[in-house]
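Using the sequences provided together with the hints, build the complete structure.
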Amino acid sequence: MTITMPARDAGTRAVVPSPAESMHPVASTPAPEACGLTAEQIEEFGRRLDAVRERILAERGASDAAYIRKVIRTQRLLEIGGRALLFAGILPPAWIAGTAMLSVAKILENMEIGHNVMHGQWDWMRDPKIHSSTWEWDLVSSSQDWKHSHNYEHHTYTNVLGKDRDVGYGLLRISEEQPWRPYYLGNSVYNILLSLFFQWGVSLHDLQYERVIAGEKSRSEAWTQLKRIGRKIRRQVLKDYVVFPALAGPFFLPVLLGNLTANTVRNIWSHAVIFCGHFPDGTVVFTEDQLEGETRGQWYLRQMLGSANLEGGELFHLMTGQLSFQIEHHLFPDLPSNRYAEVSTEVKALCEEFGLPYTSGGLGRQYFQVLRKIQRLSLPKGRIAA
Amino acid sequence: MFSTVTARRPGRLTAAVSVLTARLTTPLLPEDYLALANPLWSTTALRGKVVGRREETARATTLRIRPGRGWTPHLAGQYVRIGVDVDGVRQWRTYTLTSPEGSRELSITVQAQPGGTVSPYLAHEMPVGTIVHLEPPAGDFVLPGPTPTRLLMITGGSGITPAMAMLRTLAAEGSLPDVVMVHSAPTPDDVIFGAELRELARTHPGLRLIERHTDTEGLLELAELDRICPDWADREAFVCGPAGLLDAAELHWTARPDRLHRERFTPPARTPGGSGGTVAYGDAATLSVDGDSSLLEAGEAAGLTLPSGCRMGICFGCVLPLRDGQVRDLRTGQVHGEPGDLVQTCISGASGAARLDLQN
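As given, the protein sequences belong to chains G and Y, one line each in that order. The first sequence begins at 122 in this note's numbering and counts up one residue at a time. The second sequence begins at 126 in this note's numbering and counts up one residue at a time.
Hints are supplied without guarantee of correctness; some may be wrong.
[What the hints assert, rightly or not] Here are the computed lysine-lysine pairs in the BS3-like style, where the Cα-Cα straight-line distance is at most 27 Å:
no.: 1; chain 1: G; residue 1: LYS338; chain 2: G; residue 2: LYS284
no.: 2; chain 1: G; residue 1: LYS360; chain 2: G; residue 2: LYS191
no.: 3; chain 1: Y; residue 1: LYS174; chain 2: G; residue 2: LYS191
no.: 4; chain 1: G; residue 1: LYS250; chain 2: Y; residue 2: LYS174
no.: 5; chain 1: G; residue 1: LYS360; chain 2: G; residue 2: LYS250
no.: 6; chain 1: G; residue 1: LYS502; chain 2: G; residue 2: LYS284
[Unchecked claim] Covered, in the sense of this in silico footprint (three residues per stretch, anywhere, with C-beta under 8 Å from a C-beta of chain G), are these stretches of chain Y:
no.: 7; stretch: 154 to 161
no.: 8; stretch: 213 to 223
no.: 9; stretch: 437 to 443
Quick caveat, the hints were computed from the structure, so don't treat them as lab data. Each residue gets a CB set at the ideal place from its N, CA and C atoms; glycine is no exception.
Quick look at the structure:
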């Protein structure tokens with residue numbers, strides 16, 4: 122299944138699909154507005170977005186570089202401070218402050234820094250220490266496997282049922298088109314477990330165990346991956362749950378519990394933000410035939426319709442790693458994340474101009490919709506609220 | 126671009142402590158945290174700190190740099206590759222070290238090239254305190270040992286820098302031999318280190334300084350050496366300057382090539398832009414790539430197995446290092462690339478001759 126890139130030859134195509142054929146959302150997700158655009162309008166939409174991208178690329182420079190360096194510096198200082206305080210964690214204020222600082226540090230490293238650096242957003246700086254080819258993040262997930270399943274698979278096949286494995290993670294029923302099985306009665310429970318142990322879910326995500334079982338993926342390939350993931354798991358587990366506690370001697374327990382709590386806080390937070398990116402009401406899931414002959418304009422449209430934003434202040438956006446601007450991130454995954462906020466005003470205006478939905482809401486409301494959807498889909502006749 | 130510097134081998138205790146601290150800082154290195162306090166404390170990345178600036182001429186500035194750990198001492202005449210962040214992007218350039226051997230601080234002297242990206246920034250703007258990135262000193266434009274008794278140095282413009290390093294070293298050792306220095310610059314004010322050289326010549330009878338001010342006296346012809354330095358053929362000769370001077374020197378010394386040392390100061394060759402070109406894929410194949418094809422498509426059509434991902438420029442799964450030449454972004458038409466860059470082969474086309482590294 123290839124995705125064509127006709128942008129180079131200025132849009133001459135032999136067959137122009139009719140408006141109703143241009144977008145193929147699954148039946149359970151509403152997107153009537155998208156089908157109302159003509160092919161030419163969709164391409165114009167794409168060109169306008171390309172122009173936004175080009176402008177940001179031209180402006181990108183010293184202030185952007187300074188931004189990411191400042192975030193990295195802050196995150197590392199927070200981590201040092203948090204871990205240091207946990208050594209005095211036998212005192213409750215020190216434990217609370219230390220765990221809080223370490224949680225924030227881990228969230229920043231995971232989301233604003235690690236995820237974005239591995240997307241190549243900062244490769245333009247040519248700094249080997251802040252580069253997608255060298256960054257290894259503070260998770261039990263190995264960067265190499267993450268980049269494959271996320272940068273490539275998720276971002277190329279975003280929200281396409283059967284191709285984007287983030288739709289359900291191989292564990293959950295998140296779309297009505299996934300056939301119901303008695304296993305899904307535990308949908309909400311699986312989600313809670315995934316949330317608490319999210320870094321483990323992410324770590325094992327690229328193994329694609331269901332494809333190994335189905336015989337589509339070779340066992341030897343999966344074994345090589347598992348060994349690589351195993352090495353990463355070992356280093357992370359040793360660090361947080363063995364070496365740091367051991368250094369505290371008789372006071373190991375506060376350190377161990379603090380590290381465990383910080384990891385869990387990071388898991389729950391990142392799971393919530395990520396799930397709110399693609400599953401609240403109004404987000405569109407597509408069928409696989411959508412990809413056939415998909416133009417650049419249609420790709421932009423699918424990225425936009427499949428994503429949802431979160432509203433909040435500057436600090437909130439920083440803590441989500443700017444994934445609160447999920448729409449902008451999916452339109453421009455390789456632009457520096459600090460630019461998403463300014464780009465969002467233009468994207469929102471473009472959506473209004475073209476009559477497209479721009480799904481956005483506060484964290485509480487969006488997360489509630491996601492949890493409600495998961496609960497409803499645990500039942501065979503579950504319907505998603507219109 | 127991403128070569129690692131091998132530091133001196135640590136002792137056993139240091140190694141054990143390193144392993145323990147690495148377990149604490151994984152996936153980062155201990156030095157990544159230490160760098161928060163002092164970026165010069167690194168064993169894997171060679172860095173330096175700019176501790177002083179001195180304007181030599183209107184266009185040229187000397188930068189004093191304190192190197193971090195792992196710096197190996199240089200020989201006079203050698204150069205250093207220096208990485209500087211300009212507009213957020215790390216740019217690497219090569220400059221001769223003008224500091225004498227054995228000095229604790231390094232110095233380079235940068236002449237601003239009109240239209241340059243890095244040299245105007247270094248010469249006119251870079252603030253004291255900036256952290257720069259270094260590679261170990263290199264180059265074989267050095268004095269042979271033992272020091273020859275008679276030297277001839279012919280330099281032009283910024284080519285004076287290696288000669289200056291040599292003269293400073295010899296003067297500091299108190300062993301300045303019989304040296305004839307012929308330097309060309311447009312005017313007396315354009316002679317970098319002019320005052321220092323004239324003072325050296327005044328205090329060291331062994332040094333004979335001949336300044337050629339090309340604005341008023343015209344370019345130096347090497348045939349004039351018979352007149353200004355009759356025993357030129359018996360001297361160890363060091364020539365550094367524009368390409369024309371170096372080519373002329375090669376001809377002039379045909380009879381005694383072993384006496385001639387040359388240092389070339391030319392920017393990397395750039396093929397003119399445009400679309401299509403000949404691209405070498407490692408040692409596996411050299412292909413003629415037309416203007417519309419991506420490097421990925423062209424390589425695969427020829428039967429090569431190349432890394433790939435989304436094939437639309439968003440996932441960076443297809444990147445390969447660019448060894449030489451430039452590429453053209455097929456989405457925008459922009460020609461770009463410097464040796465060491467990682468280019469996305471799925472959205473890059475050829476632009477003139479280029480070479481990609483294939484990774485195993």
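Hints and how they fare:
1. Only pairs whose Cα atoms come within 27 Å are accepted, and LYS338 (chain G) paired with LYS284 (chain G) is accepted, the gap being roughly 14 Å.
2. The suggested pairing of LYS360 (chain G) with LYS191 (chain G) holds, with an alpha-carbon distance near 25 Å, which does not exceed 27 Å.
3. Distance restraint check for LYS174 (chain Y) and LYS191 (chain G): the Cα-Cα separation of roughly 19 Å lies within the 27 Å cut-off, and the hinted pair is therefore satisfied.
4. Restraint check for LYS250 (chain G) and LYS174 (chain Y): satisfied, since their Cα atoms lie roughly 18 Å apart, inside the 27 Å limit.
5. Of the pairs offered as hints, the one joining LYS360 (chain G) and LYS250 (chain G) holds, with about 21 Å between alpha carbons and a cut-off of 27 Å not exceeded.
6. For the proposed pair LYS502 (chain G) and LYS284 (chain G), the alpha carbon gap of about 25 Å is at most 27 Å, so the pair holds.
7. Taking a C-beta to C-beta cut-off of 8 Å, the stretch 154 to 161 of chain Y contributes 3 residues in contact with chain G, enough for the three needed, and the coverage statement holds.
8. Only when three residues or more bring their CB closer than 8 Å to a CB of chain G does the claim for the stretch 213 to 223 of chain Y stand; here the count is 4, and the claim holds.
9. Look at the stretch 437 to 443 of chain Y against chain G: 6 of its residues bring a Cβ nearer than 8 Å to a Cβ of that chain, three or more, so the hint holds.
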